[in-house]
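Trainee: If you read the sequences in order, they're chains A and B.
Residue numbers for the first sequence follow the working numbering, so the first one is 1 and each next one is one higher.
Residue numbers for the second sequence follow the working numbering, so the first one is 1 and each next one is one higher.
Heads up, a few of these hints could be off.
[To be verified] With a straight-line Cα cutoff of 27 Å, these simulated DSSO-like cross-link-like pairs (lysine-lysine) come out:
hint, chain 1, residue 1, chain 2, residue 2
1, A, 74, A, 19
2, A, 23, A, 63
3, A, 67, B, 42
4, B, 39, B, 103
5, B, 107, A, 63
6, B, 42, B, 103
7, A, 23, A, 13
8, A, 23, B, 39
9, A, 74, A, 13
10, A, 23, A, 74
11, A, 74, A, 59
12, A, 59, A, 23
13, A, 67, A, 23
14, B, 42, A, 23
15, A, 19, B, 107
16, A, 19, A, 63
17, B, 39, B, 107
18, B, 103, A, 13
19, A, 67, A, 19
20, B, 107, A, 59
21, A, 19, A, 59
Just so you know, the hints here were simulated from the structure itself, not pulled from any lab data.
Predicted model, so just to flag it, every value in this text is computed and none were measured.
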Amino acid sequence: QVQLQQSGAELVKPGSSVKISCKASGYTFTSYDMHWIKQQPGNGLEWIGWIYPGNGNTKYNQKFNGKATLTADKSSSTAYMQLSSLTSEDSAVYFCARATYYDGTYYPSYWGQGVMVTVSS
Amino acid sequence: DIQMTQSPSSLSASLGDRVTITCRASQDIGNYLTWFQQKPGKSPRRMIYGATNLAAGVPSRFSGSRSGSDYSLTISSLESEDVADYHCLQSIQYPFTFGSGTKLEIK
Chain A
1 QVQLQQSGAE
11 LVKPGSSVKI
21 SCKASGYTFT
31 SYDMHWIKQQ
41 PGNGLEWIGW
51 IYPGNGNTKY
61 NQKFNGKATL
71 TADKSSSTAY
81 MQLSSLTSED
91 SAVYFCARAT
101 YYDGTYYPSY
111 WGQGVMVTVS
121 S
Chain B
1 DIQMTQSPSS
11 LSASLGDRVT
21 ITCRASQDIG
31 NYLTWFQQKP
41 GKSPRRMIYG
51 ATNLAAGVPS
61 RFSGSRSGSD
71 YSLTISSLES
81 EDVADYHCLQ
91 SIQYPFTFGS
101 GTKLEIK
């Protein structure tokens, strides 16, 4: 079965960067997009972008250009998201989610458990 | 960006009630609408995809429908385990966008 295991909670300082991981198992890692989604406390969900591990192609929400960088390591079936120049607005839970195909599109369907990132001095 | 207007933001209903949550799309999204359930401290779980298709393992009391630009998630008979936040997602156009969520509680 599809399993996505994300890395642990992070406490980071303003202005710094953080890299969180999402290790996939139970399917062919290189065959499905991996999406990333942000959820601030008490708020809704916000789509960040996806990476296709098969060739490294990415698609970002313009809002996160320069903020988030998506990468993937095929050898370890792990996707990564680096967040840079962190501010309090980046404090949130970040989810990875494997895509599923439906009628010509791919949408996030199987979700990891989430990583809480707290930005504080 | 496509705006997904979700209502109500919160809902309190009795066990056994029929419950409906709605998302209205600001542009045509066809049937590219997914409903997720999120229990406290957990990650979202796919419930309905393609606007009307029940995901595997989801109880049959859940259903999805579409009327024009309005998409609805209905629980035919509310059970205690259905207490959760519910989110809709459009996946026809980038950036993908979610509704603002509905918090469902038991009265």
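Trainee: Hint by hint, say whether it matches the structure.
Mentor: Against the structure, the hints come out as follows:
no. : hint           : in the structure
1   : 74(A) x 19(A)  : 17 Å, holds
2   : 23(A) x 63(A)  : 25 Å, holds
3   : 67(A) x 42(B)  : 25 Å, holds
4   : 39(B) x 103(B) : 10 Å, holds
5   : 107(B) x 63(A) : 39 Å, violated
6   : 42(B) x 103(B) : 14 Å, holds
7   : 23(A) x 13(A)  : 25 Å, holds
8   : 23(A) x 39(B)  : 23 Å, holds
9   : 74(A) x 13(A)  : 30 Å, violated
10  : 23(A) x 74(A)  : 10 Å, holds
11  : 74(A) x 59(A)  : 18 Å, holds
12  : 59(A) x 23(A)  : 20 Å, holds
13  : 67(A) x 23(A)  : 22 Å, holds
14  : 42(B) x 23(A)  : 18 Å, holds
15  : 19(A) x 107(B) : 42 Å, violated
16  : 19(A) x 63(A)  : 19 Å, holds
17  : 39(B) x 107(B) : 17 Å, holds
18  : 103(B) x 13(A) : 32 Å, violated
19  : 67(A) x 19(A)  : 12 Å, holds
20  : 107(B) x 59(A) : 42 Å, violated
21  : 19(A) x 59(A)  : 18 Å, holds
Checked against the numbered hints above, the structure violates hints 5, 9, 15, 18, 20; every other hint is satisfied.
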